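Trainee: Now for the letters of each chain:
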Amino acid sequence: MSITDLGLPTNGSPVTGQPLSGVGHVPPLGEGEKLSKKDFTSDQEVRWCPGCGDYAILAAVQGFLPELGIKRENMVFVSGIGCSSRFPYYLDTYGMHSIHGRAPAIATGIASARDDLSVWVVTGDGDALSIGGNHLIHALRRNINLKILLFNNEIYGLTKGQYSPTSRTGQVTKSSPLGSLDTPFNPVSLALGAEATFVARTLDSDRQHLSSVLRAAAEHRGSAFVEIYQNCPIFNDGAFDVLKDRTEAQARIFYLNDGQEVVAGDGEDQRVVVRDDRGVMTVVPRSEADPARIVIHDEAAESPAGAFALSRLDSPELSTVPMGVFRNVRRPSYDDMLRDQVAAARTGEITDADIDALLAGKDTWTVSGSA
Amino acid sequence: MSTKLVQKLDRVVIRFAGDSGDGMQLTGDRFTSQTALLGNDLSTLPNFPAEIRAPQGTLPGVSSFQLHFADHHVLTPGDRPDVLVAMNPAALKANLRDLPRGATIIVNTDEFNKRNLAKVGYAANPIEDGSLESYHVHPVALTSITVDALAEFTDLTRKEKERAKNMFALGLLSWLYTRPLEGTESFLKAKFAGRPGILDANVAALHAGFHYGETTEDFSVSYEVAPAPMEMGNYRNITGNVSLSLGLVAAAHRAKLPLFLGSYPITPASDILHTLAGLKRYGVVTVQAEDEIAGVGAALGASFAGALGVTSTSGPGLALKAETIGLAVSLELPLVVIDIQRGGPSTGLPTKTEQADLLQALFGRNGESPVAVLAPATPADCFDIAIEAVRIATVYRTPVIVLSDGYLANGSEPWRLPKTSELPDLTVEFATEPNDVTADGEPVFHPFKRDPQTLARPWAIPGTPGLEHRVGGIEKADVTGNISYDPDNHDKMTRLRQAKIDGIADSIPLLEVDDPSGEAEVLVLGWGSTYGPTAAGVRLARAIGTPVAHAHLRHLNPFPANTGEVLRRYRRVIVPEMNLGQLAMLLRAQYLVDIQSHTAVRGLPFQASEIADVIAKAARPSVAESMKEMAK
Chain A
1 MSITDLGLPT
11 NGSPVTGQPL
21 SGVGHVPPLG
31 EGEKLSKKDF
41 TSDQEVRWCP
51 GCGDYAILAA
61 VQGFLPELGI
71 KRENMVFVSG
81 IGCSSRFPYY
91 LDTYGMHSIH
101 GRAPAIATGI
111 ASARDDLSVW
121 VVTGDGDALS
131 IGGNHLIHAL
141 RRNINLKILL
151 FNNEIYGLTK
161 GQYSPTSRTG
171 QVTKSSPLGS
181 LDTPFNPVSL
191 ALGAEATFVA
201 RTLDSDRQHL
211 SSVLRAAAEH
221 RGSAFVEIYQ
231 NCPIFNDGAF
241 DVLKDRTEAQ
251 ARIFYLNDGQ
261 EVVAGDGEDQ
271 RVVVRDDRGV
281 MTVVPRSEAD
291 PARIVIHDEA
301 AESPAGAFAL
311 SRLDSPELST
321 VPMGVFRNVR
331 RPSYDDMLRD
341 QVAAARTGEI
351 TDADIDALLA
361 GKDTWTVSGS
371 A
Chain B
1 MSTKLVQKLD
11 RVVIRFAGDS
21 GDGMQLTGDR
31 FTSQTALLGN
41 DLSTLPNFPA
51 EIRAPQGTLP
61 GVSSFQLHFA
71 DHHVLTPGDR
81 PDVLVAMNPA
91 ALKANLRDLP
101 RGATIIVNTD
111 EFNKRNLAKV
121 GYAANPIEDG
131 SLESYHVHPV
141 ALTSITVDAL
151 AEFTDLTRKE
161 KERAKNMFAL
171 GLLSWLYTRP
181 LEGTESFLKA
191 KFAGRPGILD
201 ANVAALHAGF
211 HYGETTEDFS
221 VSYEVAPAPM
231 EMGNYRNITG
241 NVSLSLGLVA
251 AAHRAKLPLF
261 LGSYPITPAS
271 DILHTLAGLK
281 RYGVVTVQAE
291 DEIAGVGAAL
301 GASFAGALGV
311 TSTSGPGLAL
321 KAETIGLAVS
331 LELPLVVIDI
341 QRGGPSTGLP
351 TKTEQADLLQ
361 ALFGRNGESP
371 VAVLAPATPA
381 DCFDIAIEAV
391 RIATVYRTPV
401 IVLSDGYLAN
411 GSEPWRLPKT
421 SELPDLTVEF
431 ATEPNDVTAD
441 GEPVFHPFKR
451 DPQTLARPWA
461 IPGTPGLEHR
471 VGGIEKADVT
481 GNISYDPDNH
491 DKMTRLRQAK
501 IDGIADSIPL
511 LEVDDPSGEA
521 EVLVLGWGST
531 YGPTAAGVRL
541 ARAIGTPVAH
551 AHLRHLNPFP
561 ANTGEVLRRY
571 RRVIVPEMNL
581 GQLAMLLRAQ
591 YLVDIQSHTA
601 VRGLPFQASE
611 IADVIAKAAR
621 PSVAESMKEM
631 AK
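Residue numbers (our numbering), protein chains in the order written: chain A, 1 to 371; chain B, 1 to 632.
Because the hints were derived from the structure by calculation, they are not lab data.
All values reported here derive from a predicted model rather than from experimental measurement.
Certain hints may be false.
[To be verified] If you want the ones that stay clear, here's a sample from chain A, every Cβ over 12 Å from chain B, calculated:
no.: 1; residue: Glu31
no.: 2; residue: Glu73
no.: 3; residue: Ser211
[Unchecked claim] A few chain A residues facing chain B, derived, Cβ under 8 Å:
no.: 4; residue: His97
no.: 5; residue: Lys244
no.: 6; residue: Thr247
no.: 7; residue: Val284
no.: 8; residue: Val342
no.: 9; residue: Leu359
Ideal Cβ positions, reconstructed from N, Cα and C, are used throughout, including at glycine.
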C-alpha cells in the first residue's frame, strides 16, 4: 500500500516568516503545470433551472480556480442541501454533498484533519442561516481555514418557494400568503457579529468583481465568508435586478476599495458615506458632505465596528448596497493552532512502546507465577 | 505495636457514602487503587447525583462509591455492602436498606445533629435510639477528630481542616483492611503540588485515620484479603471510559491513521473527550464542537479526509447525530460513534445507567440505514470493543455504534495490559489508482465499485491525483456513484448496504456458550454491561445446584452467525436487560424463538441474587410442563 501523508502533525505555524496564505500548505502545481477551466468541469450534467444565477457563479469559480496554482486533487468542496448545494457535483475536485446546514461542521473536520487541502463550503441562505446557523457562526468565530460561499437568493428554491431567513419582511411566498412576518438576517452583519475575519459581498452576474472577491477570500488564512447575491428566476425573480441595471447599479452600489472613499454614482449625483461622532454611517450627496467625515474604507481595521456600520447601510429597497470586502483581518486559524498544539506535544514517531506505556499508566502491578 | 487480631476474609463489599461535596468518589477511587495494587480482584460502582453540589445534607445529594474486592475472580460491585461508611444522616438513610443485617456501619457522629437529622426526616438519632441494633455500628467523630489531628496546621481554617475528613476515613479503612498508604500519599503529592499546607494536612489526616484504627478500642479486629489468583502479567485498574479512549488510541495506532474525535460535552461520556484531549502527544486531535451534530459532522469530515473519525455522546446526543450517521451510511465511510447510555427518555437520569438505546442505535434513522452495533461487557472489555469497532468501521467503511453505559463508563476493574504489538493489525489501504475501465477502455475511478468479499467501497482520500470524485446523501448509482433516481438501482443499493452489514457476521466469533454441566435447559443471554451481574447470578445458581447455560452478545448487529442455533438449543432463554425488552424483541423477530425477558430500569446494574432467582424459577419446570412430561 502507499502511505499518504495526512498532514498530521505539521510545523506550519504562521508564527514565523511570511504569513501563510489561505492555501499555504496546499501543494502547488509542478513546474510548467497549468490547469484550465476545463479541468474543473466534471462530467455531470448541470441541473439548475434555466437562467439560474448559479450558472454564472459556477462558471466564475471554474474559471478562477486555475489561478490558485494548486493541485486540483487537493481541493475539496463541501455543501449542504439546497439548489446551491448541488455545486460540488459540477466541479471536478473532491466533493461532498452533505446534509442540510451541516457543511461548515463537516468542513471543519476536513480542514482540521488536513492542512494540505483547500476547503470550500458552498451554501445558501436557508442552509447557512436557518437550519445551519449554529455551525456557520461557530466556524466563523473559530476562524477555520474555510472559504464559505453563501448564495443568497432570499428564497427557498429547492422546496419550491417558501420565504427564507433573508426574505424581506412582508414578502408573499407559498408559506407566507399574507406576507412574511420575519425580520431578515443581514448576512454580512451576522458574520461580523460572529467574529469573522474575512467578510465580503458580491453579485452573481458581475464576473470580474466575483472573481476578485474569490481571489481575496482564497488568499485569506482563516474563515472567509462571501455573500453572493444570486437570482432565483423561478421563485424570486428579479430580487437583485436593480443591481444589474448599469445606471441603477452605479447609483446604488458602493464598492469597497481598501484605502479609498466609499462612494457611488458619478459627478453631481455622487453620494458618499459619512460617519458621525457615534460611528454611525449615513449616505449623503458629496456636495453636502463634510470632507473630514467621509469614510475611507479600512478593511484591516482591528475593530469590526466600521465594517458593521457599512453593513447597516443596507435597505430592503437596495438603495444603498456596499459591495466588496468589508473586513479582512489576520487572526490565527483554529485548525493551524490545533495542529500546532499536536505538533508541540509530539516527541517523534509513536512506537508500540509508547502505546504500551500509555496503556500502563502510572499504577501497575505484576502478577507472577501461574494462576 | 498492634496486638490486635487480624482475620482473613475472602471478599468484602464496602460502600463509601456522603454528601456530594464530601469527596466520596475520590475516597473510593483511592481505596480502589490501593486494593488493586495489593492484587485483589475488584469491581466498582460509583453512584452520584446529576447536580454538582446538590443541597447539602439531603437525600438527593448523597454520593456513594461501592467497591467489591476479593481473593477470587469478582464479577460485580457486590449486591449488598458488608461495610457502609456514612458521612452524614442522609448517607445513612439513603443506603441503610441495602445493608444485610450484621453489616458494619461507620458513621460520622459529628454530622448527626438535630438539623441534619431533621433534614432527612429522622425524629430521633438512629445511632442512639436502638434502631441500628442489628448492625455493628462504629460511631466515630470523624470531623472533630480530623480537626484535632490537624491542630498544628495553624495556617489552615477550620473549614479546610474539616475537608480532610475523607482522608481520615480512608486512613481508617486502610488500617481496617490492611491497605498500604504510599499510593495515596504520592497521589496527594501530585494533586496538591502547589499547596504544601493542604498537602501536609491531607497526608496527616490519612495517617491519623490509620493510627486511630490501630489504637482505638472500638476496632478490635482488622482484616486481610489475600490477592486473587490472576493470569500472569502486568495489571492496572481501569474505568470503562478510559479503557475505551485508550482502545481508540491503540486502534488508530494499529491502523496507522490519525485519531480524530469530534464531540460535545455530555454526561456520562465527557470523560472520553477529556481523556483524548490530553493525548495530543499521540497525535490525537480533539474538537469540542458547538453541538452534537457538529461533533459527528466534524468526525465524518475527518474520515472523508482520511483520518479515523470518532464521536462520543450519550442517548440524547445520539438522537441529534442520527441524520449525520445516516449520511455516513450513505457515503459508506468509516465512523465510530460511542454512546455511553444513561437513563432516558429525554434528559432522563444523566448520571445513572441504562441500556435503552439499543433500538435507537439499530433503527433510529430515516430510511433503511443499517450500521454495525457493538457493546462492551466490562470496563476492561471497552478497550477490546474499541479496537473491534475500528476494525469493522475501516474494513467495511461503515458507521459503528458502540453501546457502553454509565455503569461501565465509571465502574472499574483490574485490566491485564495487552502488548500493543500483539493487537490486531488494522492497516488500512486507501485507493491510489483507477479501479475500473470505461466502455472505451479508459482507466477510471468508480467510488462505489465494491470489494467482492466485504462489499466495502474504496476509500479514496483528497490529495490522491486522478481519483477526484463527489459523494453525497442522494442515492448513488451502483459502481459509478453518480446521482441516480432509478427505482431498480435504489432497490439494489439498499440491499447492498444491508448485505454489507450482514456480511460482517463472517468476520466475528461465534456465540460461545458456557455450560459446564452440559445439562442446562435454561440459557441466560446477556448483552453489554449486564455481563457481570449475569455471570455472577449464573455462578450463584450453579452453586445451589441449578444447571444453567450462559452466553453473552458483544455484537448486536449483526449477531454472531450461530445465534439462532444457540437459542433453539434451550427450553427457555432468559434475556436480562436494563430496558423494557429491546434485545428480546430483536431476537424474537429475527429467530422466531420465545424469550423470557427480565427487565429493570432503576438506573443501577442488576444484582447477582436477582438474576439467580430468575434462573432458579425458570429452571423449575412449570406445572403444565411437568404434566406434559408425565403424560409421555
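Trainee: If a hint holds in the structure, say so; if it does not, say that too.
Mentor: Evaluated hints:
no.: 1; hint: Glu31; in the structure: 16 Å, holds
no.: 2; hint: Glu73; in the structure: 5 Å, violated
no.: 3; hint: Ser211; in the structure: 22 Å, holds
no.: 4; hint: His97; in the structure: 3 Å, holds
no.: 5; hint: Lys244; in the structure: 31 Å, violated
no.: 6; hint: Thr247; in the structure: 41 Å, violated
no.: 7; hint: Val284; in the structure: 41 Å, violated
no.: 8; hint: Val342; in the structure: 5 Å, holds
no.: 9; hint: Leu359; in the structure: 5 Å, holds
Violation of the numbered hints given earlier is confined to hints 2, 5, 6, 7; the remaining hints are satisfied by the structure.
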